[in-house]
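Peer 1: The listed protein sequences derive, respectively, from chains P and Z. Those letters in the first sequence? Residues 0 to 269, per numbering that gives the first Met the number 0, in order. Those letters in the second sequence? Residues 0 to 310, per numbering that gives the first Met the number 0, in order.
None of these hints come from the bench; they were simulated from the model. This one's a predicted model, so the numbers in the text were calculated from it and none came from an experiment. Glycine included, each C-beta is placed from N, C-alpha and C at the ideal position. Just so you know, not all the hints are guaranteed correct.
[As the list claims (entries may be wrong)] Below, in silico cross-link-like pairs of lysine to aspartate or glutamate (DMTMM-like), each with a Cα-Cα straight-line distance of 20 angstroms or less: (1) P:K58 - Z:E96; (2) P:K58 - Z:D190; (3) Z:K202 - P:D77; (4) P:K166 - P:E74; (5) P:K58 - Z:E108.
[What the hints assert, rightly or not] To spell it out: a stretch of chain Z is covered by chain P in this simulated footprint if at least three of its residues, at any positions, have a beta carbon under 8 angstroms from a beta carbon of chain P; those stretches are: (6) 175 to 188; (7) 194 to 201.
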Amino acid sequence: MAGDGPLLRVNNIEVIYDHVILVLKGVSLEVARGGIVALLGGNGAGKSTTLKAISNLLKAERGQVTKGTVEFEGERLDRLMPHQVVRRGVIQVMEGRHCFEHLTVEDNLLTGAFARRAGRTSVGEDLDRVYHYFPSLKRRRRSLAGYISGGEQQMVAIGRALMSRPKLMLLDEPSMGLAPQLVEEIFAIVDRLNAEQGVSVLLAEQNTNLALRHARYGYILENGRIVLDGPAQALRENADVKEFYLGLAGERRLSYREGKHYKRRKRWLA
Amino acid sequence: MHFLYTVLIDPFVQIAGDPRFFVEVLTGGLLTGVMYSLVALGFVIIYKASRVFNFAQGTMVLFAALMLVGQMEMGAPAWLALGTTCGVMVGLAFAVERLVLRPMVNQSEIILFMATLGISFFLEGLGQLMWGGDVHTLELGIPSGPLTLGGILVNKLDLVGAAVAGLLVTALALFFRWTSVGRVLRAVADDHQAALSVGVPLKVVWVIVWTMAGLVALVAGIMWGSSLGVQFSLSLVALKALPVLILGGFTSVPGAIVGGLIVGATEKVGEVFWGPALGGAVENWFAYLLALIFLLFRPQGLFGERIIERV
Numbered sequence: 000m001a002g003d004g005p006l007l008r009v010n011n012i013e014v015i016y017d018h019v020i021l022v023l024k025g026v027s028l029e030v031a032r033g034g035i036v037a038l039l040g041g042n043g044a045g046k047s048t049t050l051k052a053i054s055n056l057l058k059a060e061r062g063q064v065t066k067g068t069v070e071f072e073g074e075r076l077d078r079l080m081p082h083q084v085v086r087r088g089v090i091q092v093m094e095g096r097h098c099f100e101h102l103t104v105e106d107n108l109l110t111g112a113f114a115r116r117a118g119r120t121s122v123g124e125d126l127d128r129v130y131h132y133f134p135s136l137k138r139r140r141r142s143l144a145g146y147i148s149g150g151e152q153q154m155v156a157i158g159r160a161l162m163s164r165p166k167l168m169l170l171d172e173p174s175m176g177l178a179p180q181l182v183e184e185i186f187a188i189v190d191r192l193n194a195e196q197g198v199s200v201l202l203a204e205q206n207t208n209l210a211l212r213h214a215r216y217g218y219i220l221e222n223g224r225i226v227l228d229g230p231a232q233a234l235r236e237n238a239d240v241k242e243f244y245l246g247l248a249g250e251r252r253l254s255y256r257e258g259k260h261y262k263r264r265k266r267w268l269a
Numbered sequence: 000m001h002f003l004y005t006v007l008i009d010p011f012v013q014i015a016g017d018p019r020f021f022v023e024v025l026t027g028g029l030l031t032g033v034m035y036s037l038v039a040l041g042f043v044i045i046y047k048a049s050r051v052f053n054f055a056q057g058t059m060v061l062f063a064a065l066m067l068v069g070q071m072e073m074g075a076p077a078w079l080a081l082g083t084t085c086g087v088m089v090g091l092a093f094a095v096e097r098l099v100l101r102p103m104v105n106q107s108e109i110i111l112f113m114a115t116l117g118i119s120f121f122l123e124g125l126g127q128l129m130w131g132g133d134v135h136t137l138e139l140g141i142p143s144g145p146l147t148l149g150g151i152l153v154n155k156l157d158l159v160g161a162a163v164a165g166l167l168v169t170a171l172a173l174f175f176r177w178t179s180v181g182r183v184l185r186a187v188a189d190d191h192q193a194a195l196s197v198g199v200p201l202k203v204v205w206v207i208v209w210t211m212a213g214l215v216a217l218v219a220g221i222m223w224g225s226s227l228g229v230q231f232s233l234s235l236v237a238l239k240a241l242p243v244l245i246l247g248g249f250t251s252v253p254g255a256i257v258g259g260l261i262v263g264a265t266e267k268v269g270e271v272f273w274g275p276a277l278g279g280a281v282e283n284w285f286a287y288l289l290a291l292i293f294l295l296f297r298p299q300g301l302f303g304e305r306i307i308e309r310v
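The shape of chain P in the complex, shown without the other chains (with noise of 0.2 angstroms):
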């Protein structure tokens, strides 16, 4: 059952929020295992949700998925609790960290083990791990996480996750908010649990240079719609991807009012 097919396969889904909100609007997606895919879109274009409707954290924000499936190594995932999905090594980090302000930092990332019901010691090889990982989180273990710096809130949301033994991380914005080098910093460990631990990677992005650069396949989420996907490369070169999303046009760059009056090709039929 495993080994061939892609990790994850994600099937022409539609979500609905309270009812009568409709975000996504049949959206289908594969993340091969041991890859990193991005999904780039703007504001507002349904990016979250499609991770949301992954992990299962959407029924929490009384969202539905109404149609499609989501299959996770053969298994759908769109009928299980978010604690059994985390079970199956699907583990989404919240756009905005999102980490427990009033617990230390060695805290926070123990609490990502307890899903896994593991034991003393291999609890204590995976704390070794992240710190391997983040040295900065384990100078700073016993501050509170709600003192210490973004960045250094995104390694713990990271690490986090790391303590549940991922076979797939869903990471949600993980630039958001911080300084460029920072950023920098963070994806190449990104990359680095990739290559090393075999992590698999959806990530969920509007910096979308950066998630080219680092990502081997992405896909383009437009109101709620794939509208265009493929290799990281030949998105990078494409030349509607450079002009709405990267801001190149050509030989030059395209001023703001330009962009404003050029009205967007519809690249789906509907």
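Got chain P sorted already, so can you dock chain Z onto it with the hints?
Peer 2: Relative to chain P, chain Z alone:
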């Protein structure tokens, strides 16, 4: 002038004139305060993990005590009655999770609070339906009566209550601080969504905290029932737990104890020494005045969570 004298000077003259009596009053107050803390603890456990203010905590105290005393009056031995009552409280936790909290998930705090109001009425009715509305005497063989300790008169029952409360608080504080379940409960208290995302099964968490609160309510019910008798007014003791919570902080286990001590001591001392000047019944309102002052100047309470703000 005379009024100012009786309020500002006379009480202190009395205290200085008979310090032993003052210590006796103070000790009595502190011991009563510990009993308040027992009730407050149940609130703290649920509030800490779920930000739900459980209005039914007082009724749970009454309900647990009624279950216990009812079975004993039917002739069940104490250990059996205790066992079944524990079982009923655990069952109650499961029922609350399944029938109230689960359908209400993601509703705002005020709606969940209203739901606990409903639970409170339901339990009150159920308890009286099963065991009637009479006053029952609870006789578990806990020693009571006066005892002279170093020349100070105290009630034995109060001493036992203090010991039980102390033990319970120590156990709870250790549990929250050092066990992995305790850590997860603190995490859930901080951020539900994040807890969900790292794979904490919230349903299990709700059952755990309501079970804990139910068992604490049973202990409080035993102690209060032994001293006042098991009767409807027991659920009103919960109202005294409110100022205790405001003083100590809604999220702090040690806070519930310290808050209880302060409320118990000040209201008793106020009653005995200032009561005559203020027309008596100081005990009834003093705690609420204290709570009001705290709300104005330190709304998170003495031991409440630090409010972390980033700029």
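Peer 1: Would you list, in rising numerical order, the hints stated earlier that this structure does not obey?
Peer 2: none
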